[in-house]
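Participant: Starting from the known structure of chain A, fit chain B onto it as the hints suggest.
Protein sequence lines correspond, in order, to chains A and B. So for the first sequence, the numbering used here puts the first residue at 20; every next one is plus one. So for the second sequence, the numbering used here puts the first residue at 20; every next one is plus one.
Please note: incorrect hints may appear among the correct ones.
Computed spacing ranges between beta-carbons, pair by pair [to be verified]:
#1 B:Gly-178 to A:Glu-124: 29 to 39 Å
#2 A:Lys-198 to B:Lys-32: 42 to 52 Å
#3 B:Leu-61 to A:Gly-114: 30 to 40 Å
#4 B:Leu-61 to A:Glu-108: 13 to 23 Å
#5 A:Glu-235 to B:Arg-60: 55 to 65 Å
#6 A:Lys-119 to B:Lys-32: 46 to 56 Å
#7 B:Gly-155 to A:Lys-198: 30 to 40 Å
#8 B:Thr-123 to A:Met-109: 30 to 40 Å
#9 A:Glu-124 to B:Leu-127: 49 to 59 Å
Here are some of the chain A residues that sit facing chain B, going by a computed Cβ distance under 7 Å [as the list claims (entries may be wrong)]:
#10 Lys-187
#11 Trp-283
#12 Cys-307
Don't read these hints as lab results, they were simulated from the structure. For every residue, glycine included, the Cβ atom is placed at its ideal position computed from N, Cα and C.
2 protein chains.
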Amino acid sequence: MSYQNDLIIRAAKGEQVERTPVWLMRQAGRILKEYREVRARLSGFKELVETPELAAEVTIQPVDLLNVDAAIIFSDILVVPEAMGLTYEMVEKKGPHFPKTIETESDLTNLIIPDAYEGLAYTLDAIKITKKELAGRVPIIGFAGAPWTIFSYMIEGGGSKTFSKAKKMLYTNPMLSHKLLEMISDTTIKYLKAQIECGVEIVQVFDSWAGILSEEQYKEFALPYIAKICDSIEEVPVTVFAKGAYFVRREIGQLNCRTIGLDWNMDPIHSRELIGSNKTLQGNLDPCVLYSDFRTIEKKTKEMLDKFKGGPHIANLGHGVYPDIKPDAVRCFIDTVKTYS
Amino acid sequence: MSYQNDLIIRAAKGEQVERTPVWLMRQAGRILKEYREVRARLSGFKELVETPELAAEVTIQPVDLLNVDAAIIFSDILVVPEAMGLTYEMVEKKGPHFPKTIETESDLTNLIIPDAYEGLAYTLDAIKITKKELAGRVPIIGFAGAPWTIFSYMIEGGGSKTFSKAKKMLYTNPMLSHKLLEMISDTTIKYLKAQIECGVEIVQVFDSWAGILSEEQYKEFALPYIAKICDSIEEVPVTVFAKGAYFVRREIGQLNCRTIGLDWNMDPIHSRELIGSNKTLQGNLDPCVLYSDFRTIEKKTKEMLDKFKGGPHIANLGHGVYPDIKPDAVRCFIDTVKTYS
Numbered sequence: 020m021s022y023q024n025d026l027i028i029r030a031a032k033g034e035q036v037e038r039t040p041v042w043l044m045r046q047a048g049r050i051l052k053e054y055r056e057v058r059a060r061l062s063g064f065k066e067l068v069e070t071p072e073l074a075a076e077v078t079i080q081p082v083d084l085l086n087v088d089a090a091i092i093f094s095d096i097l098v099v100p101e102a103m104g105l106t107y108e109m110v111e112k113k114g115p116h117f118p119k120t121i122e123t124e125s126d127l128t129n130l131i132i133p134d135a136y137e138g139l140a141y142t143l144d145a146i147k148i149t150k151k152e153l154a155g156r157v158p159i160i161g162f163a164g165a166p167w168t169i170f171s172y173m174i175e176g177g178g179s180k181t182f183s184k185a186k187k188m189l190y191t192n193p194m195l196s197h198k199l200l201e202m203i204s205d206t207t208i209k210y211l212k213a214q215i216e217c218g219v220e221i222v223q224v225f226d227s228w229a230g231i232l233s234e235e236q237y238k239e240f241a242l243p244y245i246a247k248i249c250d251s252i253e254e255v256p257v258t259v260f261a262k263g264a265y266f267v268r269r270e271i272g273q274l275n276c277r278t279i280g281l282d283w284n285m286d287p288i289h290s291r292e293l294i295g296s297n298k299t300l301q302g303n304l305d306p307c308v309l310y311s312d313f314r315t316i317e318k319k320t321k322e323m324l325d326k327f328k329g330g331p332h333i334a335n336l337g338h339g340v341y342p343d344i345k346p347d348a349v350r351c352f353i354d355t356v357k358t359y360s
Numbered sequence: 020m021s022y023q024n025d026l027i028i029r030a031a032k033g034e035q036v037e038r039t040p041v042w043l044m045r046q047a048g049r050i051l052k053e054y055r056e057v058r059a060r061l062s063g064f065k066e067l068v069e070t071p072e073l074a075a076e077v078t079i080q081p082v083d084l085l086n087v088d089a090a091i092i093f094s095d096i097l098v099v100p101e102a103m104g105l106t107y108e109m110v111e112k113k114g115p116h117f118p119k120t121i122e123t124e125s126d127l128t129n130l131i132i133p134d135a136y137e138g139l140a141y142t143l144d145a146i147k148i149t150k151k152e153l154a155g156r157v158p159i160i161g162f163a164g165a166p167w168t169i170f171s172y173m174i175e176g177g178g179s180k181t182f183s184k185a186k187k188m189l190y191t192n193p194m195l196s197h198k199l200l201e202m203i204s205d206t207t208i209k210y211l212k213a214q215i216e217c218g219v220e221i222v223q224v225f226d227s228w229a230g231i232l233s234e235e236q237y238k239e240f241a242l243p244y245i246a247k248i249c250d251s252i253e254e255v256p257v258t259v260f261a262k263g264a265y266f267v268r269r270e271i272g273q274l275n276c277r278t279i280g281l282d283w284n285m286d287p288i289h290s291r292e293l294i295g296s297n298k299t300l301q302g303n304l305d306p307c308v309l310y311s312d313f314r315t316i317e318k319k320t321k322e323m324l325d326k327f328k329g330g331p332h333i334a335n336l337g338h339g340v341y342p343d344i345k346p347d348a349v350r351c352f353i354d355t356v357k358t359y360s
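Same shape as in the complex, but just chain A (with noise of 0.2 Å):
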């Protein structure tokens, strides 16, 4: 497939760019009061992921309402560990919760690892509209979450300021864990081919919860699951975020993947001293920058964007933008990128 604007893809692959492309991660949703207009005709957040036409339509109003170079897929990362056997219910102002979570062995086997096609259908439908109705304007994301940050939520149950439970199951037992994040790592493969199928054409995995976890358990029961993601993926470039995994950025660099996220407290030019040269980064402006004056936007952004210059860079923020900011701050971050880069 042609694309209008495929920089981002040629930047993810460490191509020469005529500017650097931007995205901001979940701008799908959360900041247009035209995607709180869709949400409010629905019973909840679940029922628009899963629902195909209006999930395609809220994936596509930030490339019309704020010109960024790339679409993400609207879903949520929790998608899977539903798929695999544990439904999830978003609480209002709470985030998730999972009625049931797995305490041992024999919850295990009540999990499958499910075809994509069967359990997942909702968002490759989503992907397949939004790839018509995009016809070639800019390349659609696809994603999944890491299996440590899957794995915390099925064993802690929804999101905790210590992930204590999930650790402790790390440490007490690790023949679980293990055999847990090896079906989750199966699950998000399959997952991530049959997304890549329907259309989309770069992959980025969020590990949310990467920073929680002392150096020597993320690499015993976070890294090697990822590493198989990307020695899976040869499709398409795959981006991975590992949010606050400051302490394994040289690991990381050295996974199979094209890009490597960094959270808005990861310095550009440490991290790729750590990094090397040949691979993409992407970020890293703080989200909280967009709530000041337009002056300072612009100002931040380009000195963002000055400290990524030794190498290929996607531009975003450090995470997600924050519900509250206003869509024209965020405009003044896209503007000042596509005309400073």
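Facilitator: Chain B alone, transformed into the frame defined by chain A:
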């Protein structure tokens, strides 16, 4: 005053010690049934904080029951904003909540820089009682929150995953932010000096939300105020624990403090390289290790101790002990430090 056990003071000063001293963050309370018995008699957490005899009692419990090398006064970092004029409630299982927060400059006019002997007399009285009852068995650690962490509660009104309201204030109203941080710092210095007058022999500054700031913001809004506190406290050794602030370890190493606390993500060997051999390091076993069996606790504790061999060390966890940890697991950690080091 002469102590039967002054290991921690000598280790903090960088002197040679017979073995590594050990204590736990949040040891006063949380894990002991003897603590919960005291707590059950009261209306809530704050009543315990504000009742000197009982605060002293739970301060001493870990010395008796766990054999730690120091007592840390039982209190809360939020007593400081309360004494400044913003009261808080401790909501069971949810955490602190401030009914009023700081939103504009005019809100600052309602705040005071209190005399510690008036606004915070209950903690000072608790220190005096503890001092008398301990009768020199071990030293007492005093503490306060770092200005940025206290600031974030005063703006945000409670805990948060992103602290985006507090960070927004830094970006949108740096003038107000600096004014408030200055007021918090001045209050904290007076409070710590009063704690020292009443008998504490070490003080620790907790920057619990350090890791939420970008390096640039940390250097502008957090570090200078910690530096001011360190420069003002000459009477006893100061410990700085800035959780998550891996990106400014070198700068923290240059502060006028004696000990630097490391969280469990910070590698002791690399941190020692950044900080130099002059300072004492404190930490940093992953608190979740204490969920394991004794053999694993012993093994991981020894590995941790080995990593700190490059300079003076005070053993601790890399975060406060979690409430559901078994006291025997804590004893295993403490005994391993005492016999192995």
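Participant: Decide, hint by hint, whether the structure agrees.
Facilitator: How the hints compare with the structure:
At roughly 35 Å, the beta carbons of Gly-178 (chain B) and Glu-124 (chain A) sit within the given window of 29 to 39 Å. The hint said 42 to 52 Å for the Cβ distance between Lys-198 (chain A) and Lys-32 (chain B), and at roughly 50 Å that hint holds. Under the hint 30 to 40 Å, the C-beta atoms of Leu-61 (chain B) and Gly-114 (chain A), about 32 Å apart, fit the expected range. Leu-61 (chain B) and Glu-108 (chain A) have their C-beta atoms about 36 Å apart, which leaves the hinted 13 to 23 Å range violated.
Checked against the hint of 55 to 65 Å, the C-beta distance between Glu-235 (chain A) and Arg-60 (chain B) comes to roughly 42 Å, which is inconsistent with it. Between Lys-119 (chain A) and Lys-32 (chain B) the C-beta distance comes to about 53 Å, which sits within the given range of 46 to 56 Å. In this structure the hint that Gly-155 (chain B) and Lys-198 (chain A) lie 30 to 40 Å apart at CB is violated, the actual value being about 53 Å. Between Thr-123 (chain B) and Met-109 (chain A) the beta carbon distance is about 35 Å. The supplied range of 30 to 40 Å therefore holds.
For the hinted restraint 49 to 59 Å between Glu-124 (chain A) and Leu-127 (chain B), the CB-CB distance of approximately 57 Å keeps it satisfied. Look at Lys-187 (chain A): its Cβ gets to within about 4 Å of chain B, closer than 7 Å, so that hint holds up. With a cut of 7 Å, the hint placing Trp-283 (chain A) at the interface with chain B holds, because the nearest CB-to-CB distance is about 5 Å. At its closest, the beta carbon of Cys-307 (chain A) sits 4 Å from a beta carbon of chain B; the interface hint therefore holds under the 7 Å criterion.
In this structure, the hints that do not hold are numbers 4, 5 and 7, in rising order.
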